Amino acid sequence: MRKFTSVKDVPDVLSLSDEALALKNAPFSQEGLGKHKTLGLIFMNPSLRTRISSQKAATSLGMEVMVLNVDKEGWALEFREGAIMNGTTVEHVKDAAAAMGRYCDIIGIRCFPGLQNREEDYAEIILNQFIRYAGVPVISLESATLHPLQSLADLITIRETWKESGRKPKVVLTWAPHIKALPQAVANSFAEWMLAAGMDLSITHPPGMELKEDFTRGARIIHHQDEALQDADFIYVKNWSSYQDYGHTLHQPEWMLTEEKLRHSSLGKIMHCLPVRRNVELSDELLDSARSLVISQADNRIWAAQVVLKKMLDNL
Amino acid sequence: MRKFTSVKDVPDVLSLSDEALALKNAPFSQEGLGKHKTLGLIFMNPSLRTRISSQKAATSLGMEVMVLNVDKEGWALEFREGAIMNGTTVEHVKDAAAAMGRYCDIIGIRCFPGLQNREEDYAEIILNQFIRYAGVPVISLESATLHPLQSLADLITIRETWKESGRKPKVVLTWAPHIKALPQAVANSFAEWMLAAGMDLSITHPPGMELKEDFTRGARIIHHQDEALQDADFIYVKNWSSYQDYGHTLHQPEWMLTEEKLRHSSLGKIMHCLPVRRNVELSDELLDSARSLVISQADNRIWAAQVVLKKMLDNL
Amino acid sequence: MRKFTSVKDVPDVLSLSDEALALKNAPFSQEGLGKHKTLGLIFMNPSLRTRISSQKAATSLGMEVMVLNVDKEGWALEFREGAIMNGTTVEHVKDAAAAMGRYCDIIGIRCFPGLQNREEDYAEIILNQFIRYAGVPVISLESATLHPLQSLADLITIRETWKESGRKPKVVLTWAPHIKALPQAVANSFAEWMLAAGMDLSITHPPGMELKEDFTRGARIIHHQDEALQDADFIYVKNWSSYQDYGHTLHQPEWMLTEEKLRHSSLGKIMHCLPVRRNVELSDELLDSARSLVISQADNRIWAAQVVLKKMLDNL
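Residue numbers (our numbering), protein chains in the order written: chain A, 1 to 316; chain B, 1 to 316; chain C, 1 to 316.
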């Protein structure tokens, strides 16, 4: 694997999640694999779970990890070809990525969208420029439009939880209220991974919150939350801002998920990628119940990162 | 040992300091003990000595270390049960601590007091919520009211310095001037550790600067600095703000410790936890003299951290 | 080697660069050398290449690395002897450096100039105080006036590139435009290293941009850029602010290096320490051409750091 930026980079998502679960059972079974190899983690935006879980995954494989927390002040990168750099940018991605590629065997990078310009965000300029110039394998640690390590962890969580062999689980992604405009990345990514894994996926959200169709083709889109939740086995709660009216958010507190709303899906498990705004996105009663898988999802971030690193190390 | 937050978590302080000194003599004697174990260090407030000494201690035991520098902007935690999180907090401690507990085998956390609300600070809400939800052993890296790793290092320093077998050393904690209102943590903690170790402890400070009695019961409280310093073997210099008039500080520059004040304790050693405001808290002549133990105290932070980690690893 | 702050600390620059190239060929050949040794990297100013390359070099030698990013808010150090510390500084370098010396076997420190007071900057107060009080070997990670790790990497780059045995290469350091006032450190340092290595060095810059003569004695100073560039084998492009009119900068965009200016040095290689302002200091066409050595220079930062650490470890 030379890059991990989308489900499209993965030949077989089910076998990848199986391998991740094998690593979960034997975390140090491959600890010689990363000997003398360096993972560079570049954060253009802050991170908690992603940094810590990736670091843990890499050290369990025997790698050295170097973390670079970049903020706009410290290392403003230029991305435009041919730019005359007499302004605020201090280094071109060509030079920065190429240098990092000499120091690291694998690079992970986090780069959020600006949510101002849809074409720019969906072109994934930062991520793609890094891939182009780094010269080493690159892992998305959440890009402008996708968060594949989260989705792989989500898939692992569903697969280790679901024990019924006779039928596929019914998975529902439900939009949740939030006080801020958030990226579509987690939702886009969850949709494309669930569909690639052959899950029965429904997506429910207020009208106007449709995700980009490229990611959701094959899922049922249902504007009525109650209807969508019926008989759900896994309910993924997540806010996102509008793709159509780009970056716009809605004030619809009635979309908060509560116990009462799950009266027709009494066995449904609750998922969220964290951090979660309690009693805004979903209620304490759900998060604190045995239904909740959120801590398992956080845990599975380790094995998602570890299996991706393993695949890349195998090919170095 | 499942937590290290106070002297009360330690069955026998003398034997713990003996074990620390044994590690000082053979730092790498236990380097297999922490293999495949991860220490997470969470700093809600800045740190220098604590972070570096804990990191060094952990790596000498073979552990991996992950540092999380948290500031209010980056990761504002919610601590109130049942909070509707539509404000500035972005994650509840329940979720943050539980996730960290999946990534780390032991967690260290630093969380200073606000010095605004005494009940809140002395309830140690942050520390206790982390302990409650992390699910792994927790070490205080200085909490709102105590700094046990510093006090253990101080005890180690006194015990390795004191060679007279016939009598216990006379230890004096003296309040010092400062330009800022500081927590009571180092002073509270030093008092409780000295008393637990059976030292002859006097505490001297201006009236109104009494520490919480829970920590000082058994010590002589003397408001006359000259009288307290007489024949002292160890003189611990430290500023703290008022416990009674909570968070209030005093402008009393005459409390600065100088050579002249030690005319009746000519052999007394000088201690301070650092960082020290020179010529405000105590004079250059003392800090730069052979009396000063401050760099040994800083050094002994390593062995304090290492013995605590060892005890926790022994029980994992 | 007890310190690495200038070419003067190196007995033989050619043999040092030979040893660095040997490490480049066998990066892990000395990985037992740094076992149980700790490198502390203290950044008073931000860093990217220097931190990452030093960290990589140290771990390849088996060392543990601890990074301390210090900014003015977090850890304002006092450097004046006898200061009454009732102001903004929170710790004296005497105490801070001595404590760090207990935690680390080797310390690297970065401390840029203020560019306000020439005498102060050129006295290298911060670096020298750290050396005086740390009690362990100290490496400059770029000080107020010199950047020896960069210059060693530059020398390595020239020596691995230059294959003609009959004559010495002609090396030209050319001043470049920039929008900010930059230190003289890279230029001072490049000059002293090239001269110590016996290179044929010319320096070209606008009048008034003369570097301190201590560093350039033995080089030709040429104010006419075209004349200086003629038949150059290596052209080092760098901005610096004025040493004479201290910290002052010039607006002279016509000094930007372009392909057209190299019509009489068609084989000359282009060097720059990065980060580079493209199309301000030099043109895209040069940076993106096969002439450019800038990424090799960045790569060679690893081996420069590694050979210096090796020399220090050899003597611990």
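Because the hints were derived from the structure by calculation, they are not lab data. Everything numeric in this text was worked out from a predicted model, so none of it was measured. Do not rely on the hints blindly, as some may be mistaken.
Which copy is meant is left open, so a pair is good if it fits within one copy or across any two.
[Said to hold, decoys possible] Calculated cross-link-like contacts (lysine-lysine; reagent style DSS-like; alpha-carbon spacing at most 30 Å):
| no. | residue 1 | residue 2 |
| --- | --- | --- |
| 1 | K261 | K37 |
| 2 | K170 | K8 |
| 3 | K24 | K212 |
| 4 | K212 | K170 |
| 5 | K163 | K311 |
| 6 | K35 | K170 |
| 7 | K37 | K170 |
| 8 | K168 | K37 |
Taking the hints in turn, this is what the structure says about them:
Taking the closest pair of Cα atoms, K261 and K37 never come within 30 Å of each other, the shortest separation being 49 Å inside a single copy and 42 Å across copies. For the identical chains of this complex, K170 and K8 are intra-copy neighbours only, at 23 Å inside a copy versus 51 Å across copies, given an alpha-carbon limit of 30 Å. Taking the closest pair of Cα atoms, K24 and K212 never come within 30 Å of each other, the shortest separation being 33 Å inside a single copy and 48 Å across copies. Only within a single protomer do K212 and K170 lie at most 30 Å apart by alpha-carbon distance; the minimum there is 22 Å, versus 58 Å between protomers.
With identical chains, the CA atoms of K163 and K311 are at most 30 Å apart within one copy only, with a shortest distance of 27 Å there and 40 Å across copies. Taking CA atoms no more than 30 Å apart as the test, K35 paired with K170 passes in neither setting, with 42 Å inside one copy and 41 Å between copies. Taking the closest pair of Cα atoms, K37 and K170 never come within 30 Å of each other, the shortest separation being 41 Å inside a single copy and 38 Å across copies. For the identical chains of this complex, K168 and K37 are neighbours neither inside a copy (40 Å) nor across copies (37 Å), given an alpha-carbon limit of 30 Å.
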